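Protein chains in written order, with my numbering: chain A, 1 to 202; chain B, 1001 to 1202.
Each hint should be verified, as a subset may be incorrect.
Unchecked claim - Listed next, with one range per pair, are the computed distances between beta-carbon atoms:
#1 A:142 <-> B:1057: 37 to 47 Å
#2 B:1188 <-> A:182: 47 to 57 Å
#3 B:1059 <-> A:79: 18 to 28 Å
Derived by calculation from the structure, the hints in this document are not laboratory data. Note that the structure is predicted; figures quoted are calculated from it, not measured. Even glycine gets a Cβ: it sits at the ideal position worked out from N, Cα and C.
Residue-level listing of the chains:
There are 2 protein chains.
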Amino acid sequence: MLLYDLPAGMHPRRVRIFLAEKGLTIPTRAVDAAQGENRQPEFLRLNPMGRLPVLQLDDGTAIAESLAICRYLETLHPQPPLWGSDALDAARVDMWTRRIEQQVSDPIAMVFLHSGEFYRGRVTQVPEVAAWARQNLLTTLTWLDAELADRRFIAGPNYTMADIVAQCAFVLGKAVGRRIPAEQAHLTRWFAEVTARPTARA
Amino acid sequence: MLLYDLPAGMHPRRVRIFLAEKGLTIPTRAVDAAQGENRQPEFLRLNPMGRLPVLQLDDGTAIAESLAICRYLETLHPQPPLWGSDALDAARVDMWTRRIEQQVSDPIAMVFLHSGEFYRGRVTQVPEVAAWARQNLLTTLTWLDAELADRRFIAGPNYTMADIVAQCAFVLGKAVGRRIPAEQAHLTRWFAEVTARPTARA
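The task is simple: from the sequences and hints, build the whole structure.
If you want it as C-alpha cells, here you go:
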C-alpha cells in the first residue's frame, strides 16, 4: 500500500491519526498541492477529483475519501476498534461521524475555502458563503458543547472516528480563526484530551 | 423497529428505497415537519438535530442519519448487497457515496435550503449560497456524466447505496429546477434506469 498524503490537509490528517491509533505504518508520499501536483495527469489518474488523501493498493487500485480509507483499514485491522465494537456501536459512530462532518468539518472547510489566504486567486471566494458557514458553526458549537456534558468522547465512552474527524476540523478551525470559545467548557475539555493523545500530531 | 419518516424528504427517501431493495418492511411513522412536529420535545428526544429519518430500535435506541441507518440495516441484512460484497468493494461504495453526497446531494440540498419556497421565512436564505451551489453542481454533472461513460452504475457494475443517494438527490433537483441536462447522455441514461426500478417510488 501507498498513502498519498498532504501534510497540512484536514482530511489526510484524519487518516494519519487513524493509522497511529491502530499502530499501523504505511509508506507515504507527500503530494505538493501548493504547486498543483494534485492537478497533474499522474495524480488525476488516481483521483479524478484531485483530492488528498488517496490509498493505493498493491494491485494499483486507488481508494479516495478519507473516511472510505479509514473504514477499509478498520475492516483489515479491527483492533483497537475506532468504528464501534458491534453493528449498533458502529451505527452510533457512523451517526456521529456524519453529524460532525456536516455540522463542524464542512463549515470549517467552507470558511477556509471562501476566506482563507491559501485559496485567494485559486478559487472564486464568496464571502457570503464563509459568513453563512461561520454562523452555522456558532450554533453547532453550542449544541455540541451541551452534548459533551455527560460523556467523555463524541460518540460515547470510547475514542472513535467521530473524535478524529472533529479534532482535525478544529485544528483547521484554529488556523482560520474559528477556535473553540473558552466558555464552552465541555468542548474545551474534550479538545484538550484528544489533542493530548500521543497520536494527535501524526 | 420503528422508522420515523418524512415522505417528501430526500434523506428519508434513501432509507425507503434501501428497504425496498432489501425486501424489508419496517413499521413507519410520518412526522409532519411542515407543521414543526420535528421541532417538538418528543421528537427532539429522538434526534436533537430535529432531522428525519430516525430509526428507533425496540429497546428505544434511536439512530439518526440516513446512511448510518442504511449501513446498520446492511449489517443485519447483507443480501442483496447494496454496500459492496467484500471490504474493497465496500470501500468503493463508500468512496462513491461520499463523492455523490458532497458533490451532488449537498449542493442540491443547499439550493433547496437557500432558494426553495418551503424554506422562505423558516431559515435565513442566502442567495449567494444557492448560486455557489448551482455553479458547483454544473461542474459536477459534467464530471459525473464522463464517469458514467464506461459503467452502468455509479460505483461499478452493481446498483449500490451510491446510486440511491444520487437518485434521491436528482429527484429533489427536479423540484428545485436542477434537472439533468439532456446532453449529458450517460447521466440521463443512468437516471432513467435507476428511476425505472420498481423500488424507485418507495
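The hints, checked one at a time:
About 29 Å separates the C-beta atoms of residue 142 of chain A and residue 1057 of chain B, a value inconsistent with the hinted range of 37 to 47 Å. In this structure, residue 1188 of chain B and residue 182 of chain A meet the distance hint of 47 to 57 Å, their C-beta atoms being roughly 53 Å apart. For residue 1059 of chain B and residue 79 of chain A, the hinted distance range of 18 to 28 Å is satisfied, since their beta carbons lie about 27 Å from each other.
The earlier numbered hint that this structure contradicts is number 1, and it is the only one.
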